[in-house]
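Novice: Next come the chains, spelled out residue by residue.
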Amino acid sequence: MDIVKRLAGMLKPYRNKVAFALFLQLLVILSRLLAPFITRDIVNGVIPSRDLTLLVPLCLELLALVLVRAASNYVRSVTLERVSQNVTYDLRTGLYAHLQELPYVFYDTHRIGEIMSRMTGDIEGVRNLIAGGIITIYDNALNFIGALIFLTFMSWQLMLSLLIFAPLIAVTAWQFNKRIRPAFRNIREQNATLNTRTQENVSGVRVVKAFAREDYESEQFDKDNQKLLNLNLEATRIWSIFVPLMELMSSLCTPIMLLVGGLLLVNGQMDIGTLVAVNGYVWLIINPMRALSGIINMAAQAVTSAEKLFYYQDFGSVIREKDDARAPEKFEGHVEFDHVTFSYGGEDILTDITFEAKPGQTIAVMGATGSGKSTLVSLIGRFYDVKSGAVKVDGIDVRDQQLKPLRSHLGYVMQETFLFSDTLTDNIRFGRPDADQAAVVRAAQVAQAREFIDHMPQGYETVVGERGMGLSGGQKQRVAIARAVLVDPSILIMDDSTSAVDMETEYLIQQELKDVLKGRTTFIIAHRISSVKNADQILVLEGGRIAERGTHQQLLEQKGIYYRMVQDQYRDFDRFARGKAGEA
Amino acid sequence: MAKVLRQIDDEAIERPFDKSQFLRLLSYMKPYKGRVAVALALMVVTTLCSLGQTFLLSRAVGLLQAETPLVPWHFVLGMAVMAALIALCTRLRVRLMDYSGRRALAKLRQDLFDHIQTLSFSFFDTRSVGKIQVRVINDVNSLNDLFTNGIVNVLIEVFMLVTLLVIMLVVNWKLTLISMCIMPLLMLIMFRLKRMMRKRWQVVRMKTSNMNGYLHESLAGMRVTEAFVREDENLDTFRNVGDDIRSSWMRAIHINNAFWPALDLTGTIGTVLVYYFGVKLMGDAAHPLDLANLLLILWYLGRFWEPLNVLSNFYNSVLSAMASVERIFEIMDTPSDIQDKPGAQEMPPIEGSVSFEDVTFSYDPEKVILKNVSFDVKPGQTIALVGPTGAGKSTVVNLISRFYDVDSGAVKIDGHDIRDVNLRSLRRQMSVMMQDSFIFSGTVMDNIRYGKLDATDEQVMAAAKAVHAHDFIMQMPNGYQTEVSERGSSLSVGQRQLISFARALLNDPKILILDEATSSIDTHTEILIQKALDVLLRGRTSFVIAHRLSTIRNADCIMVVQDGRIAEAGTHDELIQHEGGHYKALCDAQYRFLLEE
Numbered sequence: 001m002d003i004v005k006r007l008a009g010m011l012k013p014y015r016n017k018v019a020f021a022l023f024l025q026l027l028v029i030l031s032r033l034l035a036p037f038i039t040r041d042i043v044n045g046v047i048p049s050r051d052l053t054l055l056v057p058l059c060l061e062l063l064a065l066v067l068v069r070a071a072s073n074y075v076r077s078v079t080l081e082r083v084s085q086n087v088t089y090d091l092r093t094g095l096y097a098h099l100q101e102l103p104y105v106f107y108d109t110h111r112i113g114e115i116m117s118r119m120t121g122d123i124e125g126v127r128n129l130i131a132g133g134i135i136t137i138y139d140n141a142l143n144f145i146g147a148l149i150f151l152t153f154m155s156w157q158l159m160l161s162l163l164i165f166a167p168l169i170a171v172t173a174w175q176f177n178k179r180i181r182p183a184f185r186n187i188r189e190q191n192a193t194l195n196t197r198t199q200e201n202v203s204g205v206r207v208v209k210a211f212a213r214e215d216y217e218s219e220q221f222d223k224d225n226q227k228l229l230n231l232n233l234e235a236t237r238i239w240s241i242f243v244p245l246m247e248l249m250s251s252l253c254t255p256i257m258l259l260v261g262g263l264l265l266v267n268g269q270m271d272i273g274t275l276v277a278v279n280g281y282v283w284l285i286i287n288p289m290r291a292l293s294g295i296i297n298m299a300a301q302a303v304t305s306a307e308k309l310f311y312y313q314d315f316g317s318v319i320r321e322k323d324d325a326r327a328p329e330k331f332e333g334h335v336e337f338d339h340v341t342f343s344y345g346g347e348d349i350l351t352d353i354t355f356e357a358k359p360g361q362t363i364a365v366m367g368a369t370g371s372g373k374s375t376l377v378s379l380i381g382r383f384y385d386v387k388s389g390a391v392k393v394d395g396i397d398v399r400d401q402q403l404k405p406l407r408s409h410l411g412y413v414m415q416e417t418f419l420f421s422d423t424l425t426d427n428i429r430f431g432r433p434d435a436d437q438a439a440v441v442r443a444a445q446v447a448q449a450r451e452f453i454d455h456m457p458q459g460y461e462t463v464v465g466e467r468g469m470g471l472s473g474g475q476k477q478r479v480a481i482a483r484a485v486l487v488d489p490s491i492l493i494m495d496d497s498t499s500a501v502d503m504e505t506e507y508l509i510q511q512e513l514k515d516v517l518k519g520r521t522t523f524i525i526a527h528r529i530s531s532v533k534n535a536d537q538i539l540v541l542e543g544g545r546i547a548e549r550g551t552h553q554q555l556l557e558q559k560g561i562y563y564r565m566v567q568d569q570y571r572d573f574d575r576f577a578r579g580k581a582g583e584a
Numbered sequence: 001m002a003k004v005l006r007q008i009d010d011e012a013i014e015r016p017f018d019k020s021q022f023l024r025l026l027s028y029m030k031p032y033k034g035r036v037a038v039a040l041a042l043m044v045v046t047t048l049c050s051l052g053q054t055f056l057l058s059r060a061v062g063l064l065q066a067e068t069p070l071v072p073w074h075f076v077l078g079m080a081v082m083a084a085l086i087a088l089c090t091r092l093r094v095r096l097m098d099y100s101g102r103r104a105l106a107k108l109r110q111d112l113f114d115h116i117q118t119l120s121f122s123f124f125d126t127r128s129v130g131k132i133q134v135r136v137i138n139d140v141n142s143l144n145d146l147f148t149n150g151i152v153n154v155l156i157e158v159f160m161l162v163t164l165l166v167i168m169l170v171v172n173w174k175l176t177l178i179s180m181c182i183m184p185l186l187m188l189i190m191f192r193l194k195r196m197m198r199k200r201w202q203v204v205r206m207k208t209s210n211m212n213g214y215l216h217e218s219l220a221g222m223r224v225t226e227a228f229v230r231e232d233e234n235l236d237t238f239r240n241v242g243d244d245i246r247s248s249w250m251r252a253i254h255i256n257n258a259f260w261p262a263l264d265l266t267g268t269i270g271t272v273l274v275y276y277f278g279v280k281l282m283g284d285a286a287h288p289l290d291l292a293n294l295l296l297i298l299w300y301l302g303r304f305w306e307p308l309n310v311l312s313n314f315y316n317s318v319l320s321a322m323a324s325v326e327r328i329f330e331i332m333d334t335p336s337d338i339q340d341k342p343g344a345q346e347m348p349p350i351e352g353s354v355s356f357e358d359v360t361f362s363y364d365p366e367k368v369i370l371k372n373v374s375f376d377v378k379p380g381q382t383i384a385l386v387g388p389t390g391a392g393k394s395t396v397v398n399l400i401s402r403f404y405d406v407d408s409g410a411v412k413i414d415g416h417d418i419r420d421v422n423l424r425s426l427r428r429q430m431s432v433m434m435q436d437s438f439i440f441s442g443t444v445m446d447n448i449r450y451g452k453l454d455a456t457d458e459q460v461m462a463a464a465k466a467v468h469a470h471d472f473i474m475q476m477p478n479g480y481q482t483e484v485s486e487r488g489s490s491l492s493v494g495q496r497q498l499i500s501f502a503r504a505l506l507n508d509p510k511i512l513i514l515d516e517a518t519s520s521i522d523t524h525t526e527i528l529i530q531k532a533l534d535v536l537l538r539g540r541t542s543f544v545i546a547h548r549l550s551t552i553r554n555a556d557c558i559m560v561v562q563d564g565r566i567a568e569a570g571t572h573d574e575l576i577q578h579e580g581g582h583y584k585a586l587c588d589a590q591y592r593f594l595l596e597e
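So the sequence lines, in the order shown, correspond to chains C and Y.
Numbered according to the working numbering, the first sequence spans residues 1 to 584.
Numbered according to the working numbering, the second sequence spans residues 1 to 597.
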């Protein structure tokens, strides 16, 4: 009930318009119900006497009725559409704004496909209810009741005979809906399966061709294709049982009415005009019966959709600025972790992390996959909140800071590179939309992206991203680095951000960064010893704890995890270098 | 994303009618022409019954209106029987048409998919996955209505129109002609109004798909947006997009919602005309008219709009179907540029010698990628290809498995020009592994078995053990039966690579091609991969686009590819001696990086 209330709440700003629309619809229904009376009078009064003077006013009445009906109908439907569009707009932009506030946790736990179907299908469900649903319910109910009343006026016997028959139609329609819905759902799912199969076949075309598995792929596709065919045929089978049956029952109403009416007429209890006029009411009674199950279904779906939408609305931004949030006077890049423990889904990911990064220092974080490296650096921009302890940037706990100033002083190169379907220029200046072209080129230079961009046919105007030109992994990473550099951050975070770049290029990037980032704090996550060995402090994580810390030299002397990593990585290199030395 | 979205979907929504393509499409219905004929006959019965019901009703009214009214028993019975006949015929007809149409579509889809399997990389290089997907799924689906209903319905509705008109004319031609006054109005609504409606809804659809595109991307990049504090700009853009949709929607609604009121109005005008002139005609001695016939004409007139509606919808659906048809046939007409020669022989079991003889190759004629490349590789050798990005390393390996054909020169395996042998028999004896190891949706077991479809579970596990993938697979929730997928996969880069190694090993290739991943692999997995490589490379001719020092060092021959040529070739020890050589420069660069303090 709560949901219905909230749905009604969305309509509140437009209640006058809705009331107006309902009033207009009342006019529509009344004019519909009145028309058969005119028919009766024509058949009874005019036809036997063939008196045109009697006919003309009746015809004018008929025309007047249709004018009122057509005009009200038009204005009503356009009004409601506007309301529904406004509600949809409010709902959609409101949700979008809310989604942008939601923390990373939300995006870790919800798939994009799912959010998309909320933002499209479910919003459409709510829109449907408002644009069509409300009127359909109102219209059918009033038509049915009105027709029953008016019919009773004309002949209660006919009314009864129709009323006995009508529920049968409603029951059949109900049964039909119950059976066809799962059938349609299966079809939708099978379509999705086929879609995935095609998608994988094309994305994996190199594997398919390399193993010469074309025939196998065709066979697999054929199976799914046949299954879709059978599901479709099954849905048709259900349709072909119920729909003709409903049609049959509906069209039997006319002969029944004719029979009962005929009997009454022969007994002198009815006139011919009434019998013809009643014909106009039959559909007003049958149609609501046929529509009933559809309406219930639509309303139920809209409520489910609304429920899901409200769930998103209620997904509180766990990460909220405090009312008295402040910003440091100067962002210098001082970062301090004070006994930080972070847990996710009830499991401690980081435990008791304490360290300090002074402005201008480089901190390297190492460790196996899943040891908590990425989580650690994402705490700096407060993309997650700690469970206990505190993360301080420039002396202030990040939870006491204003979020936007804090984040705009970060340059964040994420592990998974994401570029938008936009030009390279706009991608690079994503964090500073007002940057000029020279700044963009400079950032590209630092990230060693300049050369390949210059080689592209449209240079910086090349559209990349999902819908643009495909870049290699290494190229994407370099654009992402440029994007972070352009922000001119006080803290730069590079989360495994050169993994797809070859060693020579990585070296060049590091050289350039050295100059640009003088005085800025840098966090580097990497697997290559060569990438981290010059850091001021190296943190080695194991199982969410700092297992070792120190400079390259200090850690080598400890002969622990880091030392073993160095040995593993340089074992080859020693042999390699020996070959080199042999030649010298 | 600052700029408001461009129209990315450059695909036509409609196409003018093209007879030859339409006929080609219809040919898919050919096997079912018997069924279609029966369906047509059933529809004729349905139409006649449906008109018959109204006819009987009007006759019944005539009976009841008489001086001594009679209960119209036989008419009631007749109407009931006709109703039953309609139900029966509809049921049979729908099944027949659906059976035919759906099957024809399934065949079309399969043909399309099968054809795509034969196409070479040059096809896939120029098209996005999404676009190909849309052809196979959405474009084919969109033809459904045309196949199962459209064509047959049109014939029947024309039949219905003619029948209606004939009966009306026979009953009273004068009143019929008068009632036809509403036809111009009706036509205007059905064709002009609907045309406008269609155009405006197209705009709405386009804007909506733009919004969805924006939304999807915006969600995918939400982390970046939050990290770079771009929320406000994005919200503005989104508001604009929303405004855009709303106003285009209302534009469409203004026309759309006029349809029924206009129809209502036209119908009533017709009714009034029939009443007025009908009553007038009742006194006309030359064309006497009674109540029954007046009602018949009135009721039949009320049925005119429906067939017209069907016809106008059909016209629209043909236009949009033509767009889909064109896209589907465009793919089906794309020839594969890599095909077996007629009578190509099976490739005999490969020994493993590979030679390039004066090979020149380019993807596009403007830019030559490989220039007169020649080399010989003996069976069992490991070749490391090194060189700067874009120099042509990948091209060399792509030519060995004949993913592309050379412009001039020849690639030979065991002395056979690879263009002379059966393509699949050639590729079955090789394995190619890319940097981004592709994982299919399915279990780990299925993914490895892809290398040899009839392998037993034991063989799969043996292969996984050999490449040191067994341990981590066993640690997964369901071991080998764990479901993995390409997207949202829980596997790390290194683990994916190990799985693809197992897949390749199971295939037991004679020639192995490998593009090594650069890094992003933790030290532990890295060690496993190196061990796995030793197993994999043993006893086969291998080409490795190498980044790992150990691979380079252990190779039997290192080829430095630069500017489309093999600049240097030899063992590590040989090349390192070559002062001023490319390889030496490369080594020095890495050396500096690794050891410099």
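One should not assume that every hint holds.
[As the list claims (entries may be wrong)] To give a feel for the contact side, a few chain Y residues facing chain C, derived at Cβ under 7 Å: (1) PHE113; (2) SER312; (3) ARG428; (4) GLN429.
[As the list claims (entries may be wrong)] Stretch by stretch, here's where chain Y covers chain C in the computed footprint (C-beta under 8 Å, at least three residues): (5) 2 to 12; (6) 67 to 80; (7) 105 to 115; (8) 301 to 307; (9) 382 to 396; (10) 404 to 414; (11) 427 to 433.
Read the hints as simulated data drawn from the structure, not as lab findings.
For glycine and all other residues, C-beta sits at the position ideal for the given N, C-alpha and C.
Novice: Please check whether the stretch 67 to 80 of chain C has three or more residues whose CB lies within less than 8 Å of a CB on chain Y.
Specialist: holds (count 8)
Novice: For the stretch 382 to 396 of chain C, do three or more residues have a beta carbon lying closer than 8 Å to a beta carbon of chain Y?
Specialist: Check failed, 1 qualifying residues.
Novice: Could you check if GLN429 (chain Y) really has its C-beta closer than 7 Å to a C-beta on chain C?
Specialist: With a minimum Cβ separation of about 9 Å from chain C (threshold 7 Å), the hint on GLN429 (chain Y) is violated.
Novice: Go check the stretch 301 to 307 of chain C versus chain Y for me, would you? Three or more residues, Cβ under 8 Å, otherwise it fails.
Specialist: violated (count 0)
Novice: Given that the stretch 404 to 414 of chain C was listed as covered by chain Y, double-check it with a C-beta distance under 8 Å for 3 or more residues.
Specialist: That given contact holds, which follows from 6 residues of the stretch 404 to 414 of chain C lying within Cβ reach (below 8 Å) of chain Y.
Novice: Going by Cβ atoms only, is SER312 (chain Y) closer than 7 Å to chain C?
Specialist: violated (20 Å)
Novice: With chain C as the partner, please determine if ARG428 (chain Y) meets the hint condition of a C-beta pair closer than 7 Å.
Specialist: holds (5 Å)
Novice: Under 8 Å between beta-carbons, do enough residues of the stretch 427 to 433 of chain C, three at least, approach chain Y for the coverage claim to hold?
Specialist: holds (count 3)
Novice: Quick check: the stretch 105 to 115 of chain C, covered by chain Y? Criterion 3+ residues, Cβ under 8 Å.
Specialist: holds (count 4)
Novice: Hint validation: PHE113 (chain Y) versus chain C, beta carbon distance must be below 7 Å. Holds or violated?
Specialist: holds (5 Å)
Novice: Do at least three Cβ atoms from the stretch 2 to 12 of chain C come closer than 8 Å to Cβ atoms of chain Y?
Specialist: violated (count 0)
Consistency with the previously given hints fails for numbers 2, 4, 5, 8 and 9, ordered from lowest to highest.
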